[in-house]
Every structure is written in structure tokens, then in C-alpha cells.
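Take the given structure of chain A and dock chain B to it, following the hints.
2 protein chains.
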Amino acid sequence: MSEHEKYMAQALLLAREAMDEGEVPVGCVIVRNGEIVGKGRNRREVGKNALAHAELEAINEACERLGGWRLPGCVMYVTLEPCPMCAGAVINARIEHAVIALPDAKSGSLGSVINLNSYPLNHKVKLTYGVLKDEAKEYMQSFFGSLRVKLKAHNNR
Amino acid sequence: MSEHEKYMAQALLLAREAMDEGEVPVGCVIVRNGEIVGKGRNRREVGKNALAHAELEAINEACERLGGWRLPGCVMYVTLEPCPMCAGAVINARIEHAVIALPDAKSGSLGSVINLNSYPLNHKVKLTYGVLKDEAKEYMQSFFGSLRVKLKAHNNR
Numbered sequence: 003m004s005e006h007e008k009y010m011a012q013a014l015l016l017a018r019e020a021m022d023e024g025e026v027p028v029g030c031v032i033v034r035n036g037e038i039v040g041k042g043r044n045r046r047e048v049g050k051n052a053l054a055h056a057e058l059e060a061i062n063e064a065c066e067r068l069g070g071w072r073l074p075g076c077v078m079y080v081t082l083e084p085c086p087m088c089a090g091a092v093i094n095a096r097i098e099h100a101v102i103a104l105p106d107a108k109s110g111s112l113g114s115v116i117n118l119n120s121y122p123l124n125h126k127v128k129l130t131y132g133v134l135k136d137e138a139k140e141y142m143q144s145f146f147g148s149l150r151v152k153l154k155a156h157n158n159r
Numbered sequence: 003m004s005e006h007e008k009y010m011a012q013a014l015l016l017a018r019e020a021m022d023e024g025e026v027p028v029g030c031v032i033v034r035n036g037e038i039v040g041k042g043r044n045r046r047e048v049g050k051n052a053l054a055h056a057e058l059e060a061i062n063e064a065c066e067r068l069g070g071w072r073l074p075g076c077v078m079y080v081t082l083e084p085c086p087m088c089a090g091a092v093i094n095a096r097i098e099h100a101v102i103a104l105p106d107a108k109s110g111s112l113g114s115v116i117n118l119n120s121y122p123l124n125h126k127v128k129l130t131y132g133v134l135k136d137e138a139k140e141y142m143q144s145f146f147g148s149l150r151v152k153l154k155a156h157n158n159r
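Chains as they are written, first to last, in this note's numbering: chain A, 3 to 159; chain B, 3 to 159.
Every clue listed holds true.
Remember, identical chains collapse to one label, so a pair may be satisfied in a single copy or spanning two.
Below, simulated EDC-like cross-link-like pairs (lysine to aspartate or glutamate); rule was C-alpha separation at most 16 Å, straight line:
| hint | residue 1 | residue 2 |
| --- | --- | --- |
| 1 | Lys41 | Glu63 |
| 2 | Lys139 | Asp106 |
| 3 | Lys41 | Glu66 |
| 4 | Lys152 | Asp22 |
| 5 | Lys8 | Glu137 |
| 6 | Lys128 | Glu98 |
| 7 | Lys50 | Glu66 |
| 8 | Lys50 | Glu63 |
| 9 | Lys135 | Glu7 |
| 10 | Lys152 | Glu25 |
| 11 | Lys152 | Glu23 |
By construction, these hints were calculated from the structure, which means they are not laboratory data.
The shape of chain A in the complex, shown without the other chains:
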């Protein structure tokens, strides 16, 4: 297992926790010098908060831990391509490198729907796609598949 896969596996564990709570399964860890300095998972429904995405939770923890708003030398591992809010936070925090399992055709903002890297902002983030993408895809399909079964059962009542 490569270094990237090792940390993405940690992000997938957090995605799994999110799914077990009925959330869209997204997990994220931030690593600096081989140490995990921030973790997060999607908890928008449970937390009843529009900001409670995995990436924001992880950035918040990393800023607290490292004591500053800049996160130089940090690598983010996230199971799904960040939305505009989270991709903007990655840029605001000056995260060096984002390793992403799956692209997001619905609101992905580091290449899919929007590419924030293509605009003249303060920072550009290095990107790596596809690490453990099959595992991440399986979670998404499992989540949305069971959601469809539930909705169908609901509609047939």
C-alpha cells in the first residue's frame, strides 16, 4: 500500500462512519510530515449545519492544532472532490496538495463543474485524483443505492 493509499484508507474509514449515520459518505484527513493533523467527515444532516462538510471539519482541526490559518506543507486526502465552499477553504488555508479519490460531477470545484485552480486566486493547489477510487465509488453507490430502495419503499406505502 502506497503512502497515498494509506492515508486515503483513513479518509475512507471516516466516510464509512458518515454513511453509518445516514450521511453522504465523505471523509477527509490532513497530513503533515507523516502525521495526521486534522480529520473530518460529512455530518451535515446530524449536525444540522451547512458548513459541516468533511473538509471544513478537517481544516478547522488542523488550524487549531498547528496554530495558524495557513497550512503549508499539508496534504489533504478526501474521498470526493470538494464543493466550491470546501475547495475555496483549501485555497484559503494554502493547502499544498489535495489527493482526491473520486471526481464529483454535481458540484466538484477542482476540475469537474468548476476549476478554482484556473482562476487568479491567492493560491493553486496541486492535485492527484483516483487514489482508492474503486473503494470510494463503492461507498457512494452503496449509499445512494440504499437511499433509492428506501425512497421506493416510502413511495409504495
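Just chain B, lined up with the frame of chain A:
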């Protein structure tokens, strides 16, 4: 004083508080049915956190107060055009209307550098620009003017 000006004046008071603490002066309030349900001011330096922008603080408070991640019927008043992170949060929270004093040519993401409304995302936010723009501009000029004086004094030491 119009309704919009009344609430933007509240946002400007928060921008003033930010400036007094040495932060870029940005303030924000969120209003629903004539009641302020969220407030925030930029405190990125003091809070040592990349997420501590005025808009995110206000959205966080409004979600807690209203008990959900969606903020329908809410109007945001903010003294400076939101960055990608904050504009993304406005869309994620389904804020109905953003009233903005000043555009931001550096990272404004509701029309200036990027226009998130032009992408096929989940939500489009109604926009009004220019409310109390002279007052907001004065704060920005005062902040960046005194910063230049300080930097010059520092460089001449």
C-alpha cells in the same frame, strides 16, 4: 434609511470591530423575517483559522439558531463580496438573497473574479450590490492605508 441600509449598517459595525482588532474589516449579518439570526466578523488572524471569515461565522450561527442546514427566506448582508469559500457556503445553505456593499476584485466569487451563480450548482442566490458602499470603501481604505503606513515605518527602521 432603507431596510437594506439598516442591516448593512449592522454589518458595518461588525466590520469596524474586526478592524479594531487588526483584521481586514468585513462584517456580516443574516436576517430572517426582520430578525437578525446570525452575525459574524472576520477574525482570521486573531482566531488563527482559515475558516474564520465573517460569512461562515454568520451562517454557522444561523444554522444553530434555526436548527437546520438550509436557511430559506434568509437574507445575508455583507460588507465585501464573498470569496469562493464563503460564496460556496451561501449556496450550500440556500441563502435566498445576498446584499453586498463592495465588490472584491481580488477574490470575489459572486461576479468579480468568479461568478458561482453562472455554474449549474444546486442553488442560485439573488444579488444586490452597492448598499452603503461608500462607508464600506472608507473602512477598507482606512485599513489598508494604515497598513501601508505601518509597513513603511517597519521598512524604514
